[in-house]
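Trainee: In the order they appear, the protein sequences are chains U and R. Just so you know, we're using the UniProt record's numbering here: the first sequence kicks off at 1 and counts up by one. Just so you know, we're using the UniProt record's numbering here: the second sequence kicks off at 1 and counts up by one.
One thing to keep in mind: the hints can contain errors.
[Unchecked claim] Here are the simulated distance ranges between beta carbons:
no., chain 1, residue 1, chain 2, residue 2, range
1, R, 202, U, 42, 17 to 23 Å
2, U, 231, R, 260, 43 to 49 Å
3, U, 72, R, 282, 48 to 54 Å
4, R, 231, U, 208, 39 to 45 Å
5, R, 237, U, 83, 50 to 56 Å
6, U, 192, R, 263, 50 to 56 Å
7, R, 289, U, 121, 26 to 32 Å
8, R, 289, U, 235, 32 to 38 Å
9, U, 71, R, 253, 31 to 37 Å
No lab work stands behind these hints, which were simulated from the structure alone. C-beta atoms are modelled at their ideal positions from N, C-alpha and C, and glycine is treated no differently.
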Amino acid sequence: AAAKLSPCRRRRNLRASPDHPYRSVAPGPRADCAAFGSSQAFTMDSTIGMRGDGFVLLAADANAGRSILIYKQDLDKILPISENQIMATVGPQADCSVFGEYIQKNMRLYELENQINLSTFGAANFIRGELAKALRRGPYQVNLLLGGAAKDEEASLFWMDYLGTLQKVNYGAHGYASNFVLSLLDAHWEKGLTEEQAIEVLRKCIKELETRFMIALPKWSVKVVDSEGVRVIDFN
Amino acid sequence: AADILPGTPGAAVDERGPAAVAVFPGNGGPQRIHPKPEPNINHPNPRAMAGPGPRRSGARVPVLLVMLIAMLMSFGRRVEANDVMTHYGGSVIAMRGKGCVGIACDMRLGAGPQTVSTDARRVFKVNDGAVVAFTGLFGIAQQVMAVLGDQERKAALQRLKEPGMTPMAVYNFLSRFLWENRGLPCEVVVAGVDKGEDGKVRTHLCGMDGLGAKVLNDDFVVAGTASQSLYGVCEASYTDGMGPEELLETLEKCMRNAMDRDCLSGGDTVVHIVTEKGVTSKRFKGRVD
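Only chain R is shown next, with the shape it has when bound in the complex (with noise of 0.2 Å):
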């Protein structure tokens, strides 16, 4: 009949061929070349609950225009949500020794590539057995150095006794801590030495992500800008069993090697050896460059 549009079954075909049928009002559309293949149930489909799939290019304009404004905003600082880590530099080792622990760090803090201070105090003294190394953004390590104070005050008024947070206590509070809020922005080295129940020494390493996530380890920890140097270097130069003086020397050597590939760090190294007997310093000097 006339009024059937072609194309739907029982219509007129015209005999004239596919090239004399006018595409638009339309002719049923693309017509199948092949035939449909079985469904096979030994393959569903993986796409079958695919989603709608990526946006066509016509989105792409938008983007372009997205990025565009924002590099015509990005006149002043900017302190990105993934340079945040690497905003102010710093580098952190902890190594352990035979009966002692080590934390060197650098002394360097600047904003991106200009320095503002040769002296920035990355090492907090918890107590006399334990310290801690914060990298990442400054004013957080500031922070937490702050509330491990308070702990630390609050749990030897508990205990009654000097010191209030063992080595293992430190690094599970500030494990907890991070994760209760939801991570910030830091990595965290913490080192110390305590006496166990049979009074022999033990020491402790660990490092943590701004999660919290703790790794215990046995021979050394780092952290910081410079960590993927320190990372040979260090494992170059540890041996077992190393006294304080050979640990001090090792320290120094590894932060001052690393420190000469990273630019984001530098300044004097200060390197500070826990033993059962507390806590000492040395800072060597270094070329901020």
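If we strip away everything but chain U, and leave its shape as in the complex, we get (with noise of 0.2 Å):
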């Protein structure tokens, strides 16, 4: 699906390069690995996702904040891009909302446009292709994973890189948590989890967090999409 909606203020100037915002002269074959070579921003924001039967399940944690100092701990990272389908972000707020709410509008403008949803894959394709498009452009700092289970097709979980790497995976994280999340998730999860059993193995990672991690998660938004729509779960 190509996006017809363009994000307010972005630069018309497509050769722009990242540290040049302006410049029009296409910078030499060395200077484009400073998009590559672009750190991902320093967040403390972490999520976790996994795949059951027939569903996926999402959760994020609700701290806002920069450095030292906490926003406010509320805050749903976890975004319903369409009827079945949702994405949880990571990464500095201003890109992860701005990017969330670009894809967001462009999802429903398909769904008005073609009277039809575009499955997980297609959706998750679409989202790789727009943050690998950004990438010389002025990268989106984004990583997020997106959970889909739409009528006809089987539940699916997405991992992707603000770098644009796409991976279908049956489980994933991001962040910090990802350091202690994946090896619980590797001996817990198997194939067919029911819902109960999903939150059951993630009660366990997020009380490894609580353990072990520096930084206090007290709340997360976890949220459930199955081919009924995105349910939210309520786990604090």
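Take the two lone chains and join them into the complex the hints point to.
Mentor: Pasting the structure below:
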């Protein structure tokens, strides 16, 4: 799906390099490594996701803050991008909200134009394409987990990097939680988890973070998506 | 005369000697001890056109400060320009047999040392006669796969036959595409078979770096994080004129042994054999470590 709505106030100059926004001459071959060498912006948020029997569970911490200050502890970072797909974003909140809304509105435009929703795989490729296209213009520093369970397809979870890497996974995590939680998911995840089992595995992961992770993440927003839609789980 | 500065020609010379002369406000500066050498026309001064010399040690201070700041700022996961090619991991071999070619790759995708997925698809089947495998930045690989798919569809429509692109067309297109995009952080391996004008099956093997520099080999091409081990093990195992089954075994063995020596490659090995009949694939279980 080609994105029809362009994000507001994006640079028109497609040859602009990330470190010189209005440059009209293309930089040399190695200068683009600056785009790929851009470090992931440092944020403390995390997200965990896993696939179950006909549903996908996504959890994201609800902290919003910068450096040592927490602005709020009830921020919902899991966006519904269509009736049967949700996306959990990790990164600086500016990029996450701009990119998230951009994807939401383009998905809705596709639905209005074509009278049908994009499949989860289609949505994943669309989002990946937008991240990749923005890479040389000015990357969106957003890592995300996309989960979807549309009516005629099986539940699928996609892991995406801010550089435009897309992988279909059974479970995944972004942020600092990934260092603690992936091994737990290796041990406890199995194919065909029910919703209660998935929430139990998530509780184990969050308990591990409470024990061993330096940053306190007291509240989490947890959502489940299946063929009937998106449900919020009252986790806390 | 008294108003001429000491040291200038014609000035009064102090008989007390150089130690008695005040250095400031100036006695003409350091005095030349050795006579000035004659200019040698056979060996002109090589430093005549040299610019200003290297920065003096006073400049080390800001460099250290910058390094310190960079270290302090590097809390999050970094993809540096140097290690963008090894950040995600992955290795690929393409090898030639008799009337067939094979591509083997691993299936690990990581974010640095952390494994994200053991099911990464590195190989793109362009058509029944050519397959392309990518290492390096995985997002770029996926983007180029999409571009290749579009190109193949366009070529098939233009030529009104399948396959649209021969293996030579694939690697030439990729080489041009990479160069025109000012180099992309990936390494590409193309393998394919087609029929020449005389009806004989021709095999093609091509490796490329991120700028599109092609190398066309007769025996094998390797790319990726385990490439150093792969060169050795492929060189030892390659024989001329392998059939498809023998090629499959050789590729799997080479890949398995090289992955044992590389922490950034691992997981299952998938081997695709391209013959004139098409592409067959086989997946072998492997360890993720």
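Trainee: Taking the hints in turn, state whether each one holds.
Mentor: Going down the list of hints, with the structure as the test:
The hinted range of 17 to 23 Å is not satisfied by residue 202 (chain R) and residue 42 (chain U), whose Cβ atoms lie roughly 52 Å apart. About 45 Å separates the C-beta atoms of residue 231 (chain U) and residue 260 (chain R), a value consistent with the hinted range of 43 to 49 Å. Between residue 72 (chain U) and residue 282 (chain R) the beta carbons are some 53 Å apart, a value that agrees with the proposed interval 48 to 54 Å. A hinted range of 39 to 45 Å holds for the C-beta pair residue 231 (chain R) and residue 208 (chain U), which are about 42 Å apart.
Residue 237 (chain R) and residue 83 (chain U) have their C-beta atoms about 53 Å apart, which keeps the hinted 50 to 56 Å range intact. In this structure the hint that residue 192 (chain U) and residue 263 (chain R) lie 50 to 56 Å apart at CB is violated, the actual value being about 32 Å. The hint said 26 to 32 Å for the Cβ distance between residue 289 (chain R) and residue 121 (chain U), and at roughly 30 Å that hint holds. Hint check: residue 289 (chain R) to residue 235 (chain U), Cβ distance near 34 Å, so the stated range 32 to 38 Å holds.
As the Cβ distance of residue 71 (chain U) to residue 253 (chain R) is approximately 56 Å, the hint placing it in 31 to 37 Å is violated.
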